[in-house]
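J.: Listed here are the chains, written in short residue letters.
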Amino acid sequence: MSLSYLTPEFKVLRDYDKCINCKVCMRQCSFEVHSYDEHLDKMISNDMNCVNCQRCVVLCPTQALTIIKHPQTFKEHANWTYDAIRDIYRQAETGGVLLSSMGNDRPYPVYWDKIVINASQVTNPSIDPLREPMELRVYIGRKPDKIEIDENLNVKTKMPPQLKLETPIMFSAMSYGSISYNAHAALARAAEELGILYNTGEGGLHKDFRKYGKNTIVQVASGRFGVDREYLNTAAAIEIKIGQGAKPGIGGHLPGEKVSEDISATRMIPPGSDAISPAPHHDIYSIEDLAQLIYSLKEATDYQKPVGVKIAAVNNVAAIASGIARAGADYIAIDGFRGGTGAAPKRIRDNVGIPIEFAIAAVDARLRSEGIRHTISLVAAGSIRNSADIVKAIALGADAVYIATAALIALGCHMCQKCHTGKCNWGIATQDPNLVKRLNPEIGYKRLVNLVQAWSHEIKEMLGGMGINDIESLKGNRLMLRGIGMTQKELDILGILAAGE
Amino acid sequence: MKKVYVKEEVCVGCRLCEVYCITSHSKYKDVLKAYKLETQRPTPRIVIEENKPVSFSLQCRHCDDAPCVKSCITGAMQKDPLTGVVTCDTDKCVGCWTCVLVCEFGAIIRDVNNKVASKCDLCAEAGEPACVKNCPNEALVYSEGGISV
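Quick note, the sequences are listed as chains A and B, same order.
So that you can map any letter, position 145 of the first sequence is 144 in numbering that gives the first Met the number 0, and since no number is skipped, the others follow by simple counting.
So that you can map any letter, position 124 of the second sequence is 123 in numbering that gives the first Met the number 0, and since no number is skipped, the others follow by simple counting.
Wrong hints could be hidden among the right ones.
Straight-line distance between alpha carbons at most 25 Å, and here's what the computed DMTMM-like set of lysine to aspartate or glutamate pairs gives [what the hints assert, rightly or not]:
#1 B:Lys35 to A:Asp36
#2 A:Lys10 to A:Glu31
#3 A:Lys22 to B:Glu137
Hints listed in this document are in silico derivations from the structure and should not be mistaken for laboratory results.
I would like the entire structure built from these sequences, with the hints used as guidance.
T.: Rendered as structure tokens:
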């Protein structure tokens, strides 16, 4: 092979005054960056392989390691940037589609950061959530047009099936295959402890996790992996996956080498075979077709479970959502363009789709204008980074949010964006038994519980500050938001006023 | 008695237990100084078994009827009747390696520099064994009566 023009992206700085040659870094690096040279009697590093996942940095007992962005640059050029040139080298070498992982990392505006939240002063009292009751519980599902009660004040109206969430947060879809068994174990256990739900993704439900059924949403995606009667009936809800924020319009491909015995049994495909999810569902070419699948799934589960539809946020999201509501779905999950993935073509990830902030606002406004907002719940996904993002999403009209990247970061993910290599040093996005062990589900589930509890406390504090004692009173309450540094058009789409107005 | 147990399914094979075992039995009780300053670095008191993906650290099991104590020709190997901890008095040890031969677990290590037997003392001075305290994945547990798998 001829010379590669690629130079290292990162540089490993080793403080030899601190390095004790214990080789922990070497043993922990699946990318084979570190090695011991017996002639030099020194640990040495191959910067070329480093992906900046920082496993070695965190485990080094003497803090001898620092990873920095490699100082080697090209001649400065505002148009032909470092990434632009490198991508061409990579493609000229391989002739392939560039792959990447996790969410869009381009510097698009983050609208959450241009929105600020209101608080009460003088004319209406704020509430202290530590001293007064504060309700975060939400129900996901279709709500009836009206509630009828009999003379004894019992509800006569038959309620459609609902999902009860103790806090408006769920773990979004990540398949067994894209993430490890231990990662799934941690998510499932945390969901149970928190009284929320996690989502299996499209890779089926491992038999070990059937016991978490009441905290599980199972997905039916275009590959229909792992779908059988038991799968559908074990879960609390079923989600039809149409699209994903990181790669709208694109299917999925789990390479055969990742389809182990265990994954093959869970996905119900032969071991070692590629698991291909087509870009479309080949039986869905219209809203009517979608309605047919929704009602097929409802029929299969005796109308006992909510059936949701997940779509990527794209140009006509409001009209599509209206169609989905009318097709009979109980909830719609909308995944913005910063949503994560275990593998996506880089150009798709970085250029396709729209921000979740606009999608939620547009969908909520459209459904309300059509008088059908109550017929469907709205779940916002695609880079919810903290509790304030959740408060803003709910004030823009979401009923709850999905988090996944944040959950993985809680489990140890350092956002190196190398999930697609299957070499995740943190034991998350890998099926290598040597690496999967690194994620201890005992530790992982506690970290997830801590994260969601911490966010819930913060949401309560923000609600209290606004003088609101129930998350339901915040829903679609856009007067609680103001925009900073946005154009009038952006403010209009978000349906919020500018700060000071 | 409290012993060190290993959850082999989450042992990541980093060998930090070994690093901290050495540190705990060093003069300075500091990782950097133990490795950089001590002319003769202490021999680790644990054995790390590895056959990927399986790995675990093995420490003395402090047997009730310890063969090493019985077979010790000088009485250096003793089991404390109160705590149950088996320790080797290195002043008395002559390096005959009989204990190494009879240990059913292979948990006694030859400290060839000092020609004495080296074995886990549960970090008697520190309270909690250093390997347990510093295991990054909580694969080592210091408990009474074992762990449930």
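J.: For each hint, tell me whether it holds in the structure or not.
T.: To see whether the hints hold, each was checked on the structure:
no.	hint	in the structure
1	B:Lys35 to A:Asp36	holds, 18 Å
2	A:Lys10 to A:Glu31	holds, 14 Å
3	A:Lys22 to B:Glu137	holds, 20 Å
Of the hints listed earlier, there is not a single one the structure fails to meet.
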